[in-house]
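One letter stands for each residue in the lines below.
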Amino acid sequence: MLLEVEKLAKRFGGVTAVDACSFGVPEGSVTALVGPNGSGKTTAFNLITGYARPDSGAIRFAGASVRRPDPVRLARRGLTRTFQQARVFAGLTLVQNLVAALQQPWWAAARHAVRPHEHARALELLDEFGLAGLAEERAGNLSYGQKKLLEFATVLMGEPRLVLLDEPTAGVNPILVEQIEERIRDLNSRGLTFLVVEHNMNLVMRLCDPVVVLDHGTKLAEGRPDDVRNDPRVLDAYLGG
Amino acid sequence: MSRASAAGLVRGGAFAAAGVAFPFVVHAAWIVNIGILTLMYAALATAWNLFSGYTGYISLGQIAFFGLGAYTLAVTFEHVGIGSGYNPLFALPLVGAGVGLASLPVAWIALRTRHMTFAIVTLTLLFVVQQLAFNLHSLTHGSSGMMLPTPTFGIANYDRPFYLAMLALLLLALGLCWIVLRSKLGLMLLAIREDEEKARGLGVRVTGAKLVAWWLSIAVTAMVGGVWAYYLTFIYPESAVDPLVMIGAVLMTFLGGRGTLWGPTIGALVLVPAQQYLLTRLGASELYLVGYSAVFMVVLLVLPRGILPSLRDAIERARERQRTRGKRISRSQAAA
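Residue numbers (the numbering used here), protein chains in the order written: chain L, 1 to 241; chain H, 1 to 336.
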């Protein structure tokens, strides 16, 4: 397991958003985290990536326990994420967006902002995402779908081991959905592990294995997509009251 | 070297040359005095911009460190003795670096807050330092203020060394901004300004970047405070830590263009002489403040994002229009 979550819990006032939640992300997999709205998926993401502090529970990443999750340190260890609402550095160009995500030692801070080989690397990645033509455009001028692509490309600059995608295809047109799916498959075949929160069930069933289902902050089911799809408890959570 | 950076160097060189030549061409002491004040505000605004303009963290407390710089020089005069004439000016880099370092723990705590809260937290710094100046009697003589020895410069061109010192500090601030903007540090600061949470998720060391920018900004600010104290030879708590100076520097940055290299300097070049002119014309009746704010409001109405960004947009639009017109003409020629 590349990522292990054990009995994670988080309360906001009287609401328990995540409750004794345990699951794992096998190395080399595209693991899905699904569940009805409000089942605690995004909160679980925030806890794993250090954007919120868990009340209890343990997280292990790449064999080492993460005592006090902190986004900067986790990103530098190879765990990174995208956000539900595509977040880009709107005032920076696409190339600058990507180069800003390169992880540098502190003494590199005095170096030139975008060095030639970094520019080339950014262009290469933009090309993979079909954005090379917009390389010098300001990211704020992109369409929503393009911002999603840019955000995806950006997290790859740091050469992560595990990428958490929060609804990568929400609000994106079908052609872009295909493109994003293709990118995930391609990167996964090259060894990158994904944990994906996604509402598009067709996509989840095609792309992800295993699938983890959350409901009311706890794990309801975990397993191969077909098994999970036919699990009566899962059907109940989605369709029943 | 790229064409853009060569053009930047030429611009900076021309500005420096004009700045150095000014007091040798103009001898009237009162004009050189306005020049010193203009350069002081330009340096303060540029230093403020280096931190607040690039990170988006609006600090209203930088002037506390202007005061600390001033008092550090005054106290050193009294207790250590750092000579006379030009010597104290050469001690300034140490004062700047020291005050900057001393401010880092405070900054580290203040930077745990953001937006409005950060502005208010830094604003309190200003009053904390002022209260310290009032109450640490044995060091600062409290409200009776501190005398610094009168420099032994010739009476004819007494202002000139101070003018050149302020100019050197402005050039230092501009140079730092220029270097930072072109470096990875600058990219980190801009990423922080755009979306700090996202930057953290990408592994950008946001706290370190903010502290380095803060340290550079405070070091320049404290040095400006030192020159100012030596120039006036008398400081007291209300003058050394004056909220109005802080607000002035911030307004000039907004006027010229926040987050741009030359914006704060342009803002100071417009506002300080305007303020001084209005002060001499209308000073007797407080009307000059009305005139001062009128200048500011007119510019904000016409150029809401500040002088430089608005001009840049206008030029961009004009170029765009020219390009589309050019296309249309060539198309109509092709049709004919």
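No lab work stands behind these hints, which were simulated from the structure alone.
Check before you lean on any hint, since a few could be wrong.
Straight-line alpha carbon distances no greater than 25 Å define the calculated SDA-like cross-link-like pairs of lysine to any residue that follow [said to hold, decoys possible]:
#, chain 1, residue 1, chain 2, residue 2
1, L, Lys7, L, Ala90
2, L, Lys147, H, Glu196
3, L, Lys7, L, Glu159
4, L, Lys7, L, Tyr238
5, L, Lys147, H, Gly13
6, L, Lys147, H, Ile179
7, L, Lys7, L, Gly78
8, L, Lys219, L, Arg190
9, L, Lys219, L, Gly13
10, L, Lys7, L, Arg185
11, L, Lys7, L, Pro105
12, L, Lys219, L, Ala9
13, L, Lys147, H, Arg193
14, L, Lys147, L, Ala110
15, L, Lys7, L, Arg233
16, L, Lys147, H, Arg11
17, L, Lys147, H, Arg205
18, L, Lys7, L, Pro174
Between Lys7 of chain L and Ala90 of chain L, does the CA-CA distance stay at or below 25 Å? Roughly 38 Å separates the two Cα atoms, so the pair is violated.
Take the C-alpha atoms of Lys219 of chain L and Ala9 of chain L, compute the straight-line distance between them, and say whether it is at most 25 Å. holds (12 Å)
Verify the proposed pairing of Lys147 of chain L with Ala110 of chain L, using a straight-line Cα cut of 25 Å. This hinted pair is violated, its Cα atoms lying about 29 Å apart.
Measure nothing beyond the straight line between the CA atoms of Lys7 of chain L and Pro105 of chain L; if it is 25 Å or shorter, mark the hint as holding. violated (35 Å)
Taken at face value, is the distance from the CA of Arg190 of chain L to the CA of Lys219 of chain L at most 25 Å? Violated. Lys219 of chain L to Arg190 of chain L sits at ~29 Å, over the 25 Å cutoff.
Please verify whether Lys147 of chain L and Arg193 of chain H have alpha carbons no more than 25 Å apart. Satisfied, since the Cα-Cα distance of roughly 18 Å is no more than 25 Å.
Can you confirm whether the C-alpha distance between Lys7 of chain L and Pro174 of chain L stays at or below 25 Å? Violated, at about 37 Å.
CA of Lys7 of chain L to CA of Tyr238 of chain L, is that 25 Å or under? holds (23 Å)
Assess, step by step, whether the Cα of Lys147 of chain L is no farther than 25 Å from the Cα of Arg205 of chain H, and give holds or violated. holds (23 Å)
For the pair supplied as a hint, Lys147 of chain L and Glu196 of chain H, is the alpha-carbon distance within the 25 Å limit? The hint holds at about 17 Å.
Going straight from one Cα to the other, do Lys219 of chain L and Gly13 of chain L come out at no more than 25 Å? Holds: Lys219 of chain L and Gly13 of chain L sit about 21 Å apart, inside 25 Å.
Is the hinted pair Lys147 of chain L and Gly13 of chain H satisfied, with a Cα-Cα distance of at most 25 Å? Not satisfied, since the Cα-Cα distance of roughly 40 Å exceeds 25 Å.
Hints 1, 3, 5, 6, 8, 10, 11, 14, 16 and 18, counting from the list given before, are not met by this structure.
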